Amino acid sequence: MLRIIRIILAALCFTGITLLFLDFTGATHALLGWLAKIQLLPAILSANIVVIAALLLLTLIFGRVYCSVICPLGVMQDIIAWAGKRGKKKNRFKYSYSRPKTWLRVTMLVIMVASIVFGISAVTALLAPYSAYGRIASSFFAPLYALVNNLFAAVAERAGSYAFYPTEVWGKATAVVVVAAVTLVALAILAWRNGRTYCNTICPVGTVLGFLSKFSLFRPVIDTSKCTGCKLCEKSCKAACIDISSHKIDRSRCVACMDCISTCTHGALKYKPVWAAKNAAESPATDASRRAFLATAGALTLAAAKARAQDNTLVKQVAPKNNPAPKVRLTPPGSQSHKNLENKCIGCQLCVQACPGNILVPSASLEHFMQPEMRYNENYCRPECNRCSSVCPTGAIRPISLEEKASTQIGHAVWYHWLCVPMVEGDSCGNCARHCPTGAITMVEDQSAEGKTVHVPAIDREKCIGCGACQSVCPTRPVSAIQVEGHEVHKVI
Amino acid sequence: MSNIDRRSFLKALGLAGAAAAGAQLATAAGGDSKDAAGQMEMRTSSTGDRVSLLGYGCMRMPTVGGVRGAEVDMDAQMRLIDYALEHGVNYFDTAPVYTGGKSEGIMGQCLSRHSRDRYFIATKMSNAWGDSSFDFAHKMYLNSREQLKTDYIDYYLLHAVGSSIESFNERFLDNGLLEFLLKEREEGRIRNLGWSFHGKKEVFDYVVSLHEKYHWDFAQIQHNYLDWNHASGRNVNSSYLYEELASRDIPMTVMEPLRGGALANVPESVSAKMLARNPQASIASWAFRYAGSQPKILSVLSGMTYMEHLQDNIATYSIFVPCTQEELEFLERIAIEMTEFPLIECTACNYCMPCKYGIDIPGIFMHYNKCIREDLMPMSSGDKNYRKLRRAFLVGMDRSVNPLHQASHCIGCGDCIPKCPQTINIPSRLHQIDLFTEKLKQNKEF
Chain X
18 MLRIIRIILA
28 ALCFTGITLL
38 FLDFTGATHA
48 LLGWLAKIQL
58 LPAILSANIV
68 VIAALLLLTL
78 IFGRVYCSVI
88 CPLGVMQDII
98 AWAGKRGKKK
108 NRFKYSYSRP
118 KTWLRVTMLV
128 IMVASIVFGI
138 SAVTALLAPY
148 SAYGRIASSF
158 FAPLYALVNN
168 LFAAVAERAG
178 SYAFYPTEVW
188 GKATAVVVVA
198 AVTLVALAIL
208 AWRNGRTYCN
218 TICPVGTVLG
228 FLSKFSLFRP
238 VIDTSKCTGC
248 KLCEKSCKAA
258 CIDISSHKID
268 RSRCVACMDC
278 ISTCTHGALK
288 YKPVWAAKNA
298 AESPATDASR
308 RAFLATAGAL
318 TLAAAKARAQ
328 DNTLVKQVAP
338 KNNPAPKVRL
348 TPPGSQSHKN
358 LENKCIGCQL
368 CVQACPGNIL
378 VPSASLEHFM
388 QPEMRYNENY
398 CRPECNRCSS
408 VCPTGAIRPI
418 SLEEKASTQI
428 GHAVWYHWLC
438 VPMVEGDSCG
448 NCARHCPTGA
458 ITMVEDQSAE
468 GKTVHVPAID
478 REKCIGCGAC
488 QSVCPTRPVS
498 AIQVEGHEVH
508 KVI
Chain L
156 MSNIDRRSFL
166 KALGLAGAAA
176 AGAQLATAAG
186 GDSKDAAGQM
196 EMRTSSTGDR
206 VSLLGYGCMR
216 MPTVGGVRGA
226 EVDMDAQMRL
236 IDYALEHGVN
246 YFDTAPVYTG
256 GKSEGIMGQC
266 LSRHSRDRYF
276 IATKMSNAWG
286 DSSFDFAHKM
296 YLNSREQLKT
306 DYIDYYLLHA
316 VGSSIESFNE
326 RFLDNGLLEF
336 LLKEREEGRI
346 RNLGWSFHGK
356 KEVFDYVVSL
366 HEKYHWDFAQ
376 IQHNYLDWNH
386 ASGRNVNSSY
396 LYEELASRDI
406 PMTVMEPLRG
416 GALANVPESV
426 SAKMLARNPQ
436 ASIASWAFRY
446 AGSQPKILSV
456 LSGMTYMEHL
466 QDNIATYSIF
476 VPCTQEELEF
486 LERIAIEMTE
496 FPLIECTACN
506 YCMPCKYGID
516 IPGIFMHYNK
526 CIREDLMPMS
536 SGDKNYRKLR
546 RAFLVGMDRS
556 VNPLHQASHC
566 IGCGDCIPKC
576 PQTINIPSRL
586 HQIDLFTEKL
596 KQNKEF
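Order-wise, the sequence lines are chains X and L. Each residue of the first sequence is one higher than the one before, counting from 18 in our numbering. Each residue of the second sequence is one higher than the one before, counting from 156 in our numbering.
Hint data in this document are derived by calculation from the structure and do not stem from the laboratory. The reader is advised that the hints may include incorrect statements.
[As the list claims (entries may be wrong)] With a straight-line Cα cutoff of 16 Å, these simulated EDC-like cross-link-like pairs (lysine to aspartate or glutamate) come out:
#1 L/LYS428 with L/GLU487
#2 X/LYS508 with X/GLU421
#3 L/LYS511 with X/ASP240
#4 L/LYS599 with X/GLU401
#5 L/LYS539 with L/GLU600
#6 L/LYS599 with X/GLU420
#7 L/LYS596 with X/GLU401
#8 X/LYS508 with X/ASP463
#9 L/LYS594 with L/GLU495
#10 L/LYS511 with X/GLU421
#11 X/LYS265 with X/ASP240
#12 L/LYS594 with X/GLU401
#13 X/LYS333 with L/ASP570
#14 L/LYS511 with L/ASP570
#15 L/LYS338 with L/ASP360
#16 L/LYS539 with L/GLU484
#17 L/LYS338 with L/ASP372
#18 L/LYS543 with L/ASP530
#19 X/LYS480 with X/GLU420
#20 L/LYS428 with L/GLU484
#21 L/LYS428 with L/GLU492
[Said to hold, decoys possible] From the derived model, a few chain L residues whose C-beta atoms are all more than 12 Å from chain X:
#22 ARG198
#23 ARG205
#24 GLY256
#25 GLU342
#26 HIS370
#27 ASP372
#28 SER394
#29 THR460
#30 MET508
#31 ASP553
#32 HIS564
#33 GLY569
[Said to hold, decoys possible] Stretches of chain X that chain L covers, calculated by requiring three or more beta carbons in the stretch to come under 8 Å of a beta carbon on chain L:
#34 333-342
#35 398-408
#36 447-455
For clarity, every value in this text was computed on a predicted model and none was experimentally measured. Yeah, the Cβ is synthetic: ideal placement off N, Cα and C, and Gly gets one too.
Given only the sequences and the hints, what does the whole structure look like? Please build it.
What follows is the structure in C-alpha cells.
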C-alpha cells in the first residue's frame, strides 16, 4: 500500500514537473510552477524558508521521501531501474548490500557548498539534481514533445483549427545538450544496474537529507523474530542499504521507497514509528506502450516536416538574423544583476524552456555555464511576457510584474551607422523608432550625409530598457544596425 | 420625465423583437413587393401629431434626364410625393436653402394639390450662412410660408445649430429672432419649434439646456449605426444626443440615416454579412430599421429621388420590426468594421512584388481581409470570443505568412506605392496591421 502511494505521488510529481519543462505555451506555469519551487536546492537559493522547513520536517518525520517522490531526477532513475529489472526473475532481485561511500558523499557535499559560497556556478549547476533533470528534460524530452505538437499543428492547419501552432524543435545550445547527454548516459547505466547509486554517492541533496533521515520518526524496521534471512529485501533494495546478515538498515541511504516492505513475504519488514507499526503490500502497475509511442512520434515527425505552409514564391527570401553576442551579456529582467544570477542560478533550463521567443539561451561560457542569457535575433524580450521570472525556482530571476519590467533597464541599444539602411541604401526607414516601446529612439536628420538628407535613429540611453525590439525589426541582415549591449546591474528608470 | 437608459431600452427592444419574430419574415419579402402590405408605422409628437416614421427629405429631387444639377423633373417629383402620401408618408422636410433655393416652392406646388390636413410641413430658419439680422430672418420666414402656400408651419427648425455658442446667440438671441418665433408658436403659426444639429458637443449641451426656458418641441439629429458610437471627428455620437434628448422627453427627427449614402453602398464584406442574414432585405433597410428602432424617434428623413428607394423605404416602415438586441450588436460590429477595419482592396496581382525587404504584401493583406470577410476579426478586446479570435488572427497570420516576411518588417521605403494599380498606400496599411497585431500580442485593451 505504502509503495503504491509512493508510486502514484511520484508519478504525479514527475509528470507535472516534466510538463513544466515541455510546455512552451505558458499554460501550465501557474498551475505547476510550484513543483519546481519545492525542490530543495532552488528553495535554499531563493531563501524560501517555508519550503526548506517543510522539506526538512518531512524528512525528519518520514525519511527521504523527497528523493522518492519530489525529486524528478530520483524518479527518473527509478523508472530506468524498473526497466532494468524487467524480464527474468534473476533480474528482479539483482541488487545487493554495499558499504556506504561516506567519504565520497561528504566530498561532493563540500564541493557543492564551496561552489555555492564561492559562486562557482558551473559546478553548482552540474551537481544539482534538479538542474540535471531540467537539462535532460529540455534537451531530450522537449524536442519530442515539440515534434508531436508540430504534427498536431500541421493537422490543425489543414483542418482550419487554431488549437495548435508550431514551435521550434531543436536548438538551444549544444553545450547543454552534451552535458545533458553525458549525465543521462551515466545515470542510465548506474540506475539500470544498481538503482540509486548516484543518489547515495554523488548527490549533495541526498547527502544532506540522508543525514537527517537517520533520525526520522518513521523508518523501515526489521523484525528479527520473523526474518528468515532470505535476503529478498536486500536484493530488491535499489539503495543497497539493507544488510540482512547483520539485520541493519543504513537509514541515511534509504530513500523510503517501501519496496522492501512489499517484498518481504514474512511480514518481517515494517515501516513504523519508533513505537507502533502498520504495513501492507501490493504489486506495481505502471505501463506505457512506449514502443508504439516512439514509433508514432517518428512517423508523425516526418509528416509534420512535410506539412509546412508554403510561402508566396515571389517573396524575396531574406537571411535569418545572426547577431554577435553582446560584449556585456544581457540577462533577463528580474535577474537584477549578473551577480545575482550567477549566485542563484543552477542552470535548470526552466526559463530557457519557458521563453516563447527563444531569446533566452544557455550560456556556453565557463564562468556562467548553462545560465540563461539573451540573444535578440528574430525576436525580442516582449512587453507582455514575464514567464522566465515566474517559473524560476531559485530567485535567480525574481518575479517581476509587466509594469516593473517595462521600466527596468537591462541594457541599452547601440547604433552602427555603417550598417544602417538610410545610410547604406538611402531608403527612409525608422523601423526601430516605430517599434520602440519606450519611445527612446527618435529619427533625426543626418548631418554627415552628403547631398541627400536622411533620417537616422538617435537613442536616448536614459529611456532605453534594452528590450531589443529595435534590433529584431532592423531590416539590416544578418547583423542588425542597432544592437543591444547588456548591463551588469539592472536599473529601474 | 421618462428616463430611459440604453440598457433598459435595449431590453425592451429585445422583447419586442422576440414578439415580432414572425412578422420579420414578412418584412423580408417586403423589399421586393411593389405595394407594401400593412400600415405605415406612426409616431406621436409632443403636440399629439401622428407622424409617419418615414419622413420625406426634400433636398435632392429628380432632375430632367437624371443629369446632376439640371432642372427638377416636376412630373417625377409630383409622382413621388403623391405616391408617398398615398402610402402614409405625411412628414415633408424642406428648407429655404435646399435645391438651390427652389425646394420650398416646388414642395408648395406638390403639396398644395392635397388637403392641408394630410401632411406636416417642416422647414427651417436657414440664417446660418451670412446675414444674421432680424429683418433678413423675418423675410426668410415669411417667404417660406408663401412658397409653401400655407398659413402655418407644422415643424419649424433653427437650421444647422452647432458650430459655436456665439453663432447661436448671434443668429437667434441677440437679434430677438427667437422671441419672435416663440410668439409665432403661441399664436399657432408655428406648431412645433425645434432645431437641427451638426457640430460641437458644447453647443449641443448649451442648446439643450435652453429647453427649460423655451421648451423645444423636437430636435433633428444625425443618427445611424455608424454615428451611434463612431461619429466622425466633427460630429457627436448620436448615442449621446439621443440619451440627452430622450431624457428630456424631446422627440427627434433623424437626418442622414444612411450617412450620405454610405450605409446603402457598403463594402462588399459588410453587404455579404447582411445578405447572409436576410437575403431579401435591402442593405439600406438595415439602416432604416436601425434609425427607427429607438422609441423617441419621430420620423426618419430620407431624400428619395427614385421610386425604388421610396418603395423600399415604405416597405421597411410599413411592417416595421425594430432591431432586436442581437441585431443591434451585429450592426455595432459592422460599424466598427466600417470605421476601423476597412477591407483592403488588394487583388493579389503581385505587381508590388517582390518587396526588396522581403515583405509578403499580398499574403498579409489576404489574411487580414479573410479575417474581416469571415467575421474572424477581433475588433474589440471586449468581444465575447475575443481570446479565440485573437488566437485565430495571430496563429493564422503566422501560418499564412512566415514571420520573417510579416508587416513588422516593413520599413516604409515606399517603393511599392507607385506599383499598386489599386492605389493602396501599402506601407501605411502594413503599419496599421502591424500596430493592430502588436495590440493583440500585448493584450492591450481597445
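Hints that the structure is at odds with (numbers, increasing): Failing hints, ascending: 3, 8, 10, 15, 30, 31, 32 and 33.
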